[in-house]
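Engineer: As a plain string of letters, each chain reads:
Number of protein chains: 2
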Amino acid sequence: MKNFQFVNPTKIIFGQEQIEELAGQIPSGSRVLVLYGGGSVQKSGLLDRVKEKLRAYTVGTFGGIEPNPTYETLMKAVEVIRSEQYNFLLAVGGGSVIDGTKFIAAAVPHLESDPWDIVKKQLAVQNALPFGVILTLPATGSEMNNGAVITRKEYKIKLPFMSPSVFPRFAILDPVYTYTLPPKQISNGVVDSFIHVMEQYLTYPVEGKLQDRFSEGLLLTLIEEGPKALAEPKNYAVRANLMWAATLALNGLIGSGVPQDWATHMIGHEITALYGLDHAQTLAIVLPSLLDVMKEEKQEKLLQYGERVWNLPHDMAADEKATAAIERTRSFFQAMGVKTRFAEYGLGSEVIEPILANLRANGMLKLGEKGLITPDVVRTILTNSL
Amino acid sequence: MKNFQFVNPTKIIFGQEQIEELAGQIPSGSRVLVLYGGGSVQKSGLLDRVKEKLRAYTVGTFGGIEPNPTYETLMKAVEVIRSEQYNFLLAVGGGSVIDGTKFIAAAVPHLESDPWDIVKKQLAVQNALPFGVILTLPATGSEMNNGAVITRKEYKIKLPFMSPSVFPRFAILDPVYTYTLPPKQISNGVVDSFIHVMEQYLTYPVEGKLQDRFSEGLLLTLIEEGPKALAEPKNYAVRANLMWAATLALNGLIGSGVPQDWATHMIGHEITALYGLDHAQTLAIVLPSLLDVMKEEKQEKLLQYGERVWNLPHDMAADEKATAAIERTRSFFQAMGVKTRFAEYGLGSEVIEPILANLRANGMLKLGEKGLITPDVVRTILTNSL
Chain A
0 MKNFQFVNPT
10 KIIFGQEQIE
20 ELAGQIPSGS
30 RVLVLYGGGS
40 VQKSGLLDRV
50 KEKLRAYTVG
60 TFGGIEPNPT
70 YETLMKAVEV
80 IRSEQYNFLL
90 AVGGGSVIDG
100 TKFIAAAVPH
110 LESDPWDIVK
120 KQLAVQNALP
130 FGVILTLPAT
140 GSEMNNGAVI
150 TRKEYKIKLP
160 FMSPSVFPRF
170 AILDPVYTYT
180 LPPKQISNGV
190 VDSFIHVMEQ
200 YLTYPVEGKL
210 QDRFSEGLLL
220 TLIEEGPKAL
230 AEPKNYAVRA
240 NLMWAATLAL
250 NGLIGSGVPQ
260 DWATHMIGHE
270 ITALYGLDHA
280 QTLAIVLPSL
290 LDVMKEEKQE
300 KLLQYGERVW
310 NLPHDMAADE
320 KATAAIERTR
330 SFFQAMGVKT
340 RFAEYGLGSE
350 VIEPILANLR
360 ANGMLKLGEK
370 GLITPDVVRT
380 ILTNSL
Chain B
0 MKNFQFVNPT
10 KIIFGQEQIE
20 ELAGQIPSGS
30 RVLVLYGGGS
40 VQKSGLLDRV
50 KEKLRAYTVG
60 TFGGIEPNPT
70 YETLMKAVEV
80 IRSEQYNFLL
90 AVGGGSVIDG
100 TKFIAAAVPH
110 LESDPWDIVK
120 KQLAVQNALP
130 FGVILTLPAT
140 GSEMNNGAVI
150 TRKEYKIKLP
160 FMSPSVFPRF
170 AILDPVYTYT
180 LPPKQISNGV
190 VDSFIHVMEQ
200 YLTYPVEGKL
210 QDRFSEGLLL
220 TLIEEGPKAL
230 AEPKNYAVRA
240 NLMWAATLAL
250 NGLIGSGVPQ
260 DWATHMIGHE
270 ITALYGLDHA
280 QTLAIVLPSL
290 LDVMKEEKQE
300 KLLQYGERVW
310 NLPHDMAADE
320 KATAAIERTR
330 SFFQAMGVKT
340 RFAEYGLGSE
350 VIEPILANLR
360 ANGMLKLGEK
370 GLITPDVVRT
380 ILTNSL
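Order-wise, the sequence lines are chains A and B. To convert, note that position 127 of the first sequence is 126 in numbering that gives the first Met the number 0; the numbers rise steadily by one, no gaps. To convert, note that position 106 of the second sequence is 105 in numbering that gives the first Met the number 0; the numbers rise steadily by one, no gaps.
The hints are simulated quantities; they were obtained by calculation from the structure and are not laboratory data.
Note: identical chains are not told apart, hence a pair may lie in one copy or across any two.
In silico DSSO-like pairs for lysine-lysine, Cα to Cα no more than 27 Å straight-line:
1) Lys227 x Lys1
2) Lys365 x Lys155
3) Lys1 x Lys365
4) Lys42 x Lys233
5) Lys338 x Lys227
6) Lys10 x Lys233
7) Lys233 x Lys1
None of these values were measured; they are calculated from a predicted model.
Excised from the complex, chain A in its bound form:
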């Protein structure tokens, strides 16, 4: 096991009607800005309920944070907060709203330069506005971590940043809020969570036995519950397990003390930035092909994954087993309704060079747990994903 530090101070408030706990989590006298995305939290009545629960506070709202939240939109919120002197933020939505809120929280007190530097120069921001989360879409895990991914529209780039100061103070997770999500968002969320686990699990063994077992437990649960979530949208237990899985998939725990990959994500971010595919769609295209290209380097973990997660027989030949494990993975994404080939999204080989150019421009020349995924390897991965 590798040396590691792990800390995660976010308070999780999980379950039905836990919105009742909201007011008690925010310091009295706070000026609260509620941030959200499209109209769904308005239509569902959630936004009104939130305002009702916060009637003891000064409350403003800022809507319109888009999927793949953009610097351009977020800076408008920063201006509002600075001029109206809000001092507590509440993100109501999914990963995009939460990620956007993290950037805003870090950007508001960042007066010394353009806040884009936080992302571009990966500044270790020490200072950020406090914020809480009401989660409506289980997928990114952003509700219990200190990372975010921000898009700069004018440059067509999408980049991650992390900071110790942008852990949510609390996150309210009520599985009932997910009942009305469109099936596509459930599918995307399951695939996104699954691949978050794979990025931290499917590398090479370092005798991190608990990390492996926990990761396998998450994968098994996503495989069991994902299809049920589509078939029975109001099954509380299923939605609860998916919601908790999405959070635990990326709260730092399973990745502590083990190597991590993240090449699929970095390549996927460029696909979204250039062609606008959903985040999970890009991951579903890249991961199976990446595993196939890196099959030898990842063989030990692929075999363990095949046996423990897909129940492949112990005595199956190694190469056959690795191939079968990858094929099961691709089939699972497809069964969840997420397509795994560029062609299925109407894209062809013309995408390859622009993606490589973006990766090079963002300095991503040696991706993966061993830095072996160079632009040339990415070309092979993308070619195999057409």
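With chain A's structure known, arrange chain B on it following the hints.
Structural biologist: Showing chain B alone in chain A's frame:
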């Protein structure tokens, strides 16, 4: 899944030579009191290394915190801290030193009554001195939770308390520190950790799929690594997995959203208070017999445990499978060198009534996840453990 709140702000600093991170974790200018148990941290040189790392601070030491730390000893530390105005505590040792430090941290600012009230009246202490941990003995999980168990010698009682203010600020976990532990302490630690998991897992199903998978992962790891830790005391990976398992077994995560039992612990505490057996020894005596007596109420989870943890065949008859799972559990404790019968500790049926009397005196009349374990049921459990 049940509704729950989960928060755990302790920073884990895990791995070889992580003591190098110590000084950076304590506010500069702090007056630090280092607390420890017997002479082993002196003999090993660890205490000197700690002092060396803290040379920029004012540092005092307080040794002699005993296994099953007593109110009587801990109050002496409280007096020292009050008179010498220490404002940061550092526990160097295992669960007893950490538990003792938690009580001390809460007791120092508690001036309105006898600090024993914190335990006796289960006060929700809001105020406590900050403290860190350097762990030398993986077992109790106290390094990453907010609970402690304190013994009052004069009354022969041992009682738990919890408080949101006694999470350690940080815990340094270096598996190398465990190389020199006597085998008995490793055995006890593995059994203690195993039973911490069982208290949170072996109840009744509530579709907490991740809690189950994580618990099973912990149990499987303890079963795999426990015997290796005895056979190869300097196997770093084995000691690392055990250390991380002991922490994760009782940091609040696997118990969130599921029913919990804890009857084995409550009965075990009385056995230690009355007869001085090691904590893990008492648990190893009580748990198998308790599972046997509660076999019907716990059947669903016992069958799942039998299949997933002990690899018992799916088509084995239910009662046979439950019995086999319990027998495997007992055999594992014995294989780890921890005896599972009162007779093996030189105790007989004379223990039963005093244990029941203590449980009654402490108000423990309805133990277990459903409150079904009355004193009469405890009598049966104890009789079957003779």
